[in-house]
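Undergrad: Chain order of the listed sequences is A and W. Under this note's numbering, residues 1 to 660 are what the first sequence spells out, in order. Under this note's numbering, residues 1 to 299 are what the second sequence spells out, in order.
Simulated from the structure, these hints should not be mistaken for laboratory data. One should not assume that every hint holds.
What the hints assert, rightly or not - Between beta-carbon pairs, the in silico distance windows are:
{"id": "1", "chain 1": "A", "residue 1": "E318", "chain 2": "W", "residue 2": "E206", "range": "45 to 53 Å"}
{"id": "2", "chain 1": "A", "residue 1": "M1", "chain 2": "W", "residue 2": "D42", "range": "53 to 61 Å"}
{"id": "3", "chain 1": "A", "residue 1": "E649", "chain 2": "W", "residue 2": "E177", "range": "29 to 37 Å"}
{"id": "4", "chain 1": "W", "residue 1": "S174", "chain 2": "A", "residue 2": "E46", "range": "54 to 62 Å"}
{"id": "5", "chain 1": "A", "residue 1": "K2", "chain 2": "W", "residue 2": "T31", "range": "54 to 62 Å"}
{"id": "6", "chain 1": "W", "residue 1": "E177", "chain 2": "A", "residue 2": "H100", "range": "34 to 42 Å"}
{"id": "7", "chain 1": "A", "residue 1": "E318", "chain 2": "W", "residue 2": "E22", "range": "49 to 57 Å"}
{"id": "8", "chain 1": "W", "residue 1": "K184", "chain 2": "A", "residue 2": "E574", "range": "46 to 54 Å"}
{"id": "9", "chain 1": "W", "residue 1": "Y63", "chain 2": "A", "residue 2": "G33", "range": "44 to 52 Å"}
{"id": "10", "chain 1": "A", "residue 1": "K109", "chain 2": "W", "residue 2": "S174", "range": "36 to 44 Å"}
{"id": "11", "chain 1": "A", "residue 1": "S136", "chain 2": "W", "residue 2": "E206", "range": "23 to 31 Å"}
{"id": "12", "chain 1": "A", "residue 1": "S136", "chain 2": "W", "residue 2": "N221", "range": "38 to 46 Å"}
Said to hold, decoys possible - List of simulated lysine-lysine pairs, BS3-like, C-alpha gap at most 30 Å:
{"id": "13", "chain 1": "W", "residue 1": "K284", "chain 2": "A", "residue 2": "K644"}
{"id": "14", "chain 1": "A", "residue 1": "K603", "chain 2": "W", "residue 2": "K73"}
{"id": "15", "chain 1": "A", "residue 1": "K142", "chain 2": "A", "residue 2": "K234"}
{"id": "16", "chain 1": "A", "residue 1": "K220", "chain 2": "W", "residue 2": "K93"}
{"id": "17", "chain 1": "W", "residue 1": "K18", "chain 2": "A", "residue 2": "K612"}
Glycine included, each C-beta is placed from N, C-alpha and C at the ideal position.
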Amino acid sequence: MKRVGVFVCHCGTNISAAVDCEKVAENAKSFPGVAYSTDYKYMCAEPGQELIKKAIKEQKLDRIVVASCSPRMHEPTFRRCIESGGLNAYLLEMANIREHCSWVHPDDKERATIKATDLVKMAVAKVMQNEALVRSTIPITKRALVIGGGIAGIQAALDIANAGHIVDVVEKEPSIGGRMAQVDKTFPTLDCSACILTPKMVDVANHPNVNLITYSEIEKVEGYVGNFDVTIRKKARSVDLKACTGCGTCIQKCPTKVPSEFEMEMMDRKAIFTPFPQAIPNKPVIDRESCRYFKSGKCGVCQKVCPTNAVDFTQEDELVTERYGAIVAATGFDLFDDSVYGEYGYGKYKDVITGLHFERLLNASGPTMGKIKRPSDGKIPQNVVFIKCVGSRDEAKGKAYCSKTCCMYTAKHATLVREKIKDSNAYVFYMDVRTPGKGYDEFYTRTTDQYGAKYIRGRVSKIYEKGDKLIVWGEDTLLGRPVEIEADMVVLATAMVAKADAAKLAQMVGFSYDQNNFYTEAHPKLAPVETHTAGVFLAGACQGPKDIPESVAQASAAAVKVCGLLSKEEMPTEPIISAVNEAICSGCGMCVPVCPYTAIDLKVIQERVHGKTVSRKIANVNSGLCQGCGACTVACRSAALNLKHFTNEQILAEVDALCL
Amino acid sequence: MSEMTKKMQEIAREILVKGEAEVVIGWEKGTFWYLSPPAFIDKPEDVQRLVWDDFCHNNLSKYLVDLKNHEGKAAVFVKGCDSRAFNRLLQDKQIAREKVVLIGIPCPGLLDQDKAKELGKNSDLPKAQKCLDCQYPNPLVYDYYLGDKEALNEVAATKEAADYSDVAAIEAMSPDERYDFWTKQYDRCIRCYACRNVCPACSCRECVFDQTRVGWIGKANNSSENQFFALTRAMHVAGRCIECGECERACPMDIPIMLLNKKLVKDINELFGEYDAGIDIEGKLPLGHFDKNDPEEFM
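One chain only, chain A, in its complex shape (with noise of 0.2 Å):
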């Protein structure tokens, strides 16, 4: 005899003011197999856990359905519940009186009692025809793969490696370091960012634990959490890593010049390059698209003048696949392209560029050795205009969403024009000044007082070339009235948007992105870093517009998520899964292409029919794979799927107990 017991919750008043949760648990008395019925307060509590124990112990109870919020909330917690009271995790049903009743019926109380009634009796037919479930385990690999070697990327695989696992940094570029890497100071210290990015970079590539993959691109993304099948293609580098001593006698000599990508295209580089002086690895690398040789067949001079013999032309791309337990993404961003406005003329007027274009004027080792210069004469401007939210929190013409880091660096780019420049002026076109974070708001107001930079707000209507000046329009909707300034110089905050190729990556690893393609976190707030696919977490502005501090936390959250993951020898793995009636199975292969999750295959099994041993294809749910959607069940003609906890007679058994 089954001896059910049903638990209503109050949620305080969540449900308690639309819902009459003591009538709900008299009522459920009746019901078929229900042996106990009560209710409380709150259910999810200490006490009120410890009454649901004290029930399955002191009324022999041998099924539990609580009746509360949506499983999705607290069904782990009331599953723990039960198995610590000693029954089988999975004799647990969840009647959702909050999100399906109260809630959506606050005026109502009566009828929706009677609901909250009907969904109870429900769950106690479905509890009744549960079956214990046992959980399995699948072997986890213990290495992570970090994809993306800029700061979140650098900092997560140093986390995983320092807490004694081994990490595969898997960088597109020839180096590591991103973006950060091309700023040049960081607010709202303004210290200097190779100052304290580049030490991190020589940690990461001197750790044991931890393999540099630069030049390199996931090519394919197989298995799933604690087995992740990775295939890496190892770009063609012309250059051999182990002989080259990066001495730079081949960058020397090489005689093609091309614009520098990490310059912003400000300054040349060379066909045989390192992007930038502090470069991770220190080791050229040919762009085989500029150079003379691969190009026309002709030159070779870099491989004569290489003392070690470290070039080699015939390099080919190479793939390797390495078995993973953990991925974390730490792809970065993209910058909006700003030439959408047209009335700011970026791409058409020289002196009009992009933060990050003024982060390498900036810079010491950028085209101007650190002086501020135009890029169009090399003058030092004495009115640099800013122009804030270009391609940021625009519907129309750029991103919904707000960059975030825009307010707090165009404030630094303003001190520094004030500091670096005698008698300069910052004019700083805002719409909204937001700085939020530890010491911010105090950075900006040091900019307007102390360094005297000039906030308007407003936006600018048009910019136009008049001799070597560009004069701005714009207005003042503050004193209501037009402003026009002569600039030497426009700088552009330009939105972060997500890379060119990260709905690429997430379809390949196979996890979700929202609208902007920026990938989507399990949970907004309660689990920022993990996405919906077991086994693979989120760092960086991959995720959405972060700055570094925010970046390097969210780091080191993945990779505690990591770790966790790669603490144990094997992880076990939800039994609400498909399983085969192999007798019945007729091996059509209908549910393998009908799976979302490739979780299925056919294999081939022996039997004996009439005395001779014959081998059939039947269906095959790998465990690991299977994320219990049973979209091959109903796939399944002869039934010979089903999905565990969800059987048709289960269901079937909800049904007639709300319609016989």
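Position chain W relative to chain A; hints supplied.
TA: Just chain W now, with coordinates in the frame of chain A:
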């Protein structure tokens, strides 16, 4: 003896003598003049039993499923619909192509058995409804072909658009009328499962209706259970029905089963794009694959 019957017997004898296949599946004359049931010939001397006439209705590809564990090869005669059934079974991984020798026969359309029984011999008999609806009278796949190849191309080129006027008539009914119509039809059902047994899309090892699923699928022969059977059968062949009409022909209670199947074919065409089952064995099934871009209007 018709020219085609002669050709059939010749090729069957040749196949058996050469040992190309151990059994040849064709048609033979049955108890009545208007019946030509399947024949299984495994000796060269038996080939004269084979016939080709206006009543070779049975879809022979279905019998290949029974020979799944048979070690040798089987040769089978295929009309247009049999060949689509063959493709269908290949797609369902129920048969191996290399274990079958297909002998294609161009089909001029067969005659209505029920009318033959009713009107008698030497009367002017109409074509069977399924043949009037047929868009693929010629075999789509074969190893040997017993007809005129040029005629084959011609017929293929003149493939007419499907006629859904009978479905439209049902759709035009009010929900109550429609419910009454189908209730009346399926109240006659005796659950003999002939429709299922003859269907080339029904290839499960154990049909759900043969399983014991108390409360879920009942065995009782009553209105409600019959309707559950009718709907389940129709949904199980949806997207895979090759419209050979065998279900309706086999039904002893004259239930218009093809009307249900055609309604589903029409709906699938409208919802998922034009699709004819059993034509292309590589393509994705309209109801048999997952696409990340599938519409999710209900979410």
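Undergrad: Identify every previously stated hint that the structure contradicts and give their numbers, smallest first.
TA: Going through the list in order, the structure violates no hint and respects every one.
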